[in-house]
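Visitor: Listed here are the chains, written in short residue letters.
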Amino acid sequence: MSDNQGPIWEVFVQKKAGQPFVHCGSLHAFDKEMALQNARDLYTRRQEGCALWVVKSSEIVASSPEDIGPFFEPSNDKVYRHPTFYQIPDAIGHM
Amino acid sequence: MENKQFEDVFEAKLAKNEMIEPKDWMPDNYRKHLIRQISQHAHSEIVGMLPEGNWITRAPSLRAKVVLLAKVQDEGGHGLYLYTAAETLGTGRDELLEALHTGKAKYSSIFNYPTLTWADIGAVGWLVDGAAIMNQVMLQRTSYGPYARAMVRICKEESFHQRQGYEIMCHLSFGTAEQKAMAQDALNRWWFPTMMMFGPPDSESPNSENALKWRIKRESNDQLRQRFVNQTVQQVEYLGLTVPDPKLKWNEEKKGYDFSEPNWVEFKNVISGNGPCNKERLAARNQAHKNGEWVRAAAQAFAKKRAQKIAA
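Listed in order, the protein sequences are those of chains A and B.
Number 91 in the working numbering belongs to position 91 of the first sequence; there are no gaps in the numbering.
Each number in the working numbering corresponds to the 1-based position in the second sequence with 1000 added.
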């Protein structure tokens, strides 16, 4: 990795209070404060958000694309987790 | 999985119009092509700050000055989005910058032309950013996820750039005769270099075939150039200016304009380092990087010191 660029941080923006934080990109910074200020300058120049999270890329744990089949397999055969699996009498209407 | 199987998965994703993400398997040449294209794109944004930065201190009003500052800051931001997109492919930003600063990497030929008058700032925003948008709208659907997402953000921001440029052209074109002449002069000098931005003709474009095959690009250089001309002529006419191309003519059959090719010898010459401002641009970039060295060193030292304090 680079000697003088600082580590990479991932940036998450919350558009409005109450909404989820969404990943919007990454940046270089040497420490937390700098990462937060750089994120503000880089990703919210046009009021794109009201709150920010920054986290070092190296701290993120991600699933690996090769294993997604077996990794997510346990949920494949559990249709009974969905509301449409159940029969409700017409007389009851919407439930 | 065997390499062949990986390749099948990759091809199947492209066929289904799915995006390729950083951790997905991809052919080496796809990766190389992307690193080259995305880093060139990033370099273009950063070097593109220079011809416009040239006019910040001489902008004709405070309004014009804040607008130009905001635009140049955006270009810097676009460069940063793109460098991090390129880095997801495994090349560090320091390596990419090194390639730019030593002249090994290329950037868009357009930024090697000088901005001689204030009208050039109008022409650059209108034409150069206009051409860039045409290319970048297509790239929002490019096959590599991080590149596509960077493009979505960039396109949102570029629209202001083009509009502010056209506004400058309107002021000049509907101003005094002298101002109008200035606008025409800028158009004369920027028209053909802008046409070159879409790259060489399809018949002579060495990288196009793979780029289209891998859905990195979705349209060819000539298609984009044609669309740009079709769209821009009406904007020139509104200003009461003249496109500096005697061969420009509406072709009813193809529902588009016929026009002259730019001078491709000049294009090659500029790309290979001999344009009017290549040396100046490279020197300015190197100087800026050098001037920032103490900031990077100080930030690094401060972070280290603080980490030690916390550990103690």
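Keep in mind the hints are simulated off the structure, nothing from the lab.
Please note that a few of the clues may not be correct.
[As the list claims (entries may be wrong)] Computed footprint of chain A on chain B, listed as stretches where at least three residues anywhere in the stretch have a Cβ under 8 Å from a Cβ of chain A: (1) 1071-1082; (2) 1108-1114; (3) 1286-1299.
[What the hints assert, rightly or not] Subject to a maximum C-alpha distance of 25 Å in a straight line, what follows is the list of computed SDA-like cross-link-like pairs (lysine to any residue): (4) K1290(B) to K15(A); (5) K1032(B) to I8(A); (6) K1023(B) to Q37(A); (7) K1247(B) to N1188(B); (8) K1023(B) to P70(A); (9) K1023(B) to I8(A); (10) K15(A) to Q1140(B); (11) K56(A) to R1306(B); (12) K16(A) to S1159(B); (13) K1016(B) to G69(A); (14) K1065(B) to D41(A); (15) K32(A) to S1159(B); (16) K56(A) to S1159(B); (17) K1290(B) to Q37(A); (18) K1016(B) to K16(A); (19) K32(A) to E1293(B); (20) K1156(B) to L52(A); (21) K1304(B) to M34(A); (22) K1156(B) to C50(A); (23) K1032(B) to P7(A); (24) K32(A) to A1298(B); (25) K1305(B) to E48(A); (26) K56(A) to K1247(B); (27) K15(A) to A1070(B); (28) K15(A) to F1302(B).
[Said to hold, decoys possible] Partner residues are not named here, just some residues of chain A that face chain B (Cβ under 10 Å, in silico): (29) G6; (30) I8; (31) A29; (32) M34; (33) L42; (34) S58; (35) H82; (36) P83; (37) T84; (38) Q87; (39) P89; (40) D90.
This one's a predicted model, so the numbers in the text were calculated from it and none came from an experiment.
All C-beta atoms in this analysis are idealised placements derived from N, C-alpha and C, irrespective of residue type, glycine included.
Visitor: Next step is simple, just say for each hint if it's right about the structure.
Guide: Right, here's what the structure says about each hint:
1. Check result for the region 1071-1082 of chain B against chain A: holds, 5 residues qualifying (beta carbon to beta carbon below 8 Å, three or more required).
2. Look at the region 1108-1114 of chain B against chain A: 0 of its residues bring a Cβ nearer than 8 Å to a Cβ of that chain, fewer than three, so the hint is violated.
3. Three residues within the 8 Å Cβ limit are the bar, and the region 1286-1299 of chain B against chain A gives 4, so the coverage statement holds.
4. Taking the CA atoms of K1290(B) and K15(A), the gap is about 37 Å. The hint is violated against a cut of 25 Å.
5. For the proposed pair K1032(B) and I8(A), the alpha carbon gap of about 21 Å is at most 25 Å, so the pair holds.
6. For the proposed pair K1023(B) and Q37(A), the alpha carbon gap of about 28 Å is over 25 Å, so the pair is violated.
7. At roughly 14 Å between alpha-carbon atoms, K1247(B) and N1188(B) fall within 25 Å of each other, so this suggested pair holds.
8. A distance of roughly 17 Å separates the Cα atoms of K1023(B) and P70(A); the hinted pair therefore holds under the 25 Å criterion.
9. Using a Cα cut-off of 25 Å, the hinted pair K1023(B) and I8(A) holds, with the two alpha carbons roughly 16 Å apart.
10. Under the criterion of a C-alpha separation no larger than 25 Å, the hint pairing K15(A) with Q1140(B) is consistent with the structure, at around 21 Å.
11. For the hint pairing K56(A) with R1306(B), the CA-to-CA distance comes to about 17 Å; that is within 25 Å, so the pair holds.
12. Taking the CA atoms of K16(A) and S1159(B), the gap is near 24 Å; set against the 25 Å cutoff, the hint holds.
13. Among the hinted pairs, K1016(B) with G69(A) is consistent with the structure: their alpha-carbon atoms are about 18 Å apart, no more than 25 Å.
14. Under the criterion of a C-alpha separation no larger than 25 Å, the hint pairing K1065(B) with D41(A) is consistent with the structure, at around 19 Å.
15. Taking the CA atoms of K32(A) and S1159(B), the gap is about 32 Å. The hint is violated against a cut of 25 Å.
16. Proposed proximity of K56(A) and S1159(B) is contradicted: the alpha carbons are some 32 Å apart, above 25 Å.
17. Of the pairs offered as hints, the one joining K1290(B) and Q37(A) holds, with about 23 Å between alpha carbons and a cut-off of 25 Å not exceeded.
18. Proximity of K1016(B) to K16(A) is assessed by CA-CA distance (about 34 Å); at most 25 Å being required, the pair is judged violated.
19. Restraint check for K32(A) and E1293(B): the C-alpha separation of about 20 Å stays at or below 25 Å, so the hint holds.
20. The suggested pairing of K1156(B) with L52(A) holds, with an alpha-carbon distance near 20 Å, which does not exceed 25 Å.
21. Note on K1304(B) and M34(A): the hinted pairing holds, with a Cα-Cα distance of about 13 Å set against a maximum of 25 Å.
22. Restraint check: the Cα-Cα separation between K1156(B) and C50(A) comes to about 19 Å, which is no more than 25 Å; the hinted pair holds.
23. This hinted pair checks out: K1032(B) and P7(A) have alpha carbons roughly 23 Å apart, not beyond 25 Å.
24. Taking the CA atoms of K32(A) and A1298(B), the gap is near 15 Å; set against the 25 Å cutoff, the hint holds.
25. The hinted pair formed by K1305(B) and E48(A) fails the criterion: a straight-line CA distance of about 34 Å is larger than 25 Å.
26. Between the alpha carbons of K56(A) and K1247(B) the distance comes to roughly 56 Å, so the proposed pair goes past 25 Å and is violated.
27. With a C-alpha separation of about 22 Å, the suggested pair K15(A) and A1070(B) falls inside the 25 Å cut-off, and the hint holds.
28. Of the supplied pair hints, the one linking K15(A) and F1302(B) is violated, its CA atoms being roughly 32 Å apart against a limit of 25 Å.
29. This hint holds: G6(A) has a C-beta 7 Å from the nearest C-beta of chain B, less than the 10 Å allowed.
30. This hint holds: I8(A) has a C-beta 7 Å from the nearest C-beta of chain B, less than the 10 Å allowed.
31. Taking 10 Å as the C-beta contact cut-off toward chain B, the hint placing A29(A) at the interface holds, the least distance being around 8 Å.
32. Checking M34(A) against chain B by beta carbon gives a least distance of about 6 Å; that is within 10 Å, so the hint holds.
33. Nearest Cβ of chain B to the Cβ of L42(A): about 5 Å, under the 10 Å cut. The hint holds.
34. A least Cβ separation of about 13 Å between S58(A) and chain B goes past the 10 Å threshold, and the interface hint is therefore violated.
35. Here the hint on H82(A) is broken, as its CB sits about 25 Å from the closest CB of chain B, past 10 Å.
36. Checking P83(A) against chain B by beta carbon gives a least distance of about 29 Å; that is not within 10 Å, so the hint is violated.
37. For T84(A), the shortest C-beta to C-beta distance to chain B is roughly 26 Å, which exceeds 10 Å, and the interface hint is violated.
38. The interface hint given for Q87(A) is violated, since its Cβ lies 35 Å from the closest Cβ of chain B, which is over the 10 Å cut-off.
39. Proximity of P89(A) to chain B is violated relative to the hint, the smallest CB-CB distance being about 41 Å (cut-off 10 Å).
40. Interface hint status for D90(A): violated, as the beta-carbon distance to the closest one in chain B is roughly 39 Å, over 10 Å.
Of the hints listed earlier, those the structure fails to meet are numbers 2, 4, 6, 15, 16, 18, 25, 26, 28, 34, 35, 36, 37, 38, 39 and 40, in rising order.
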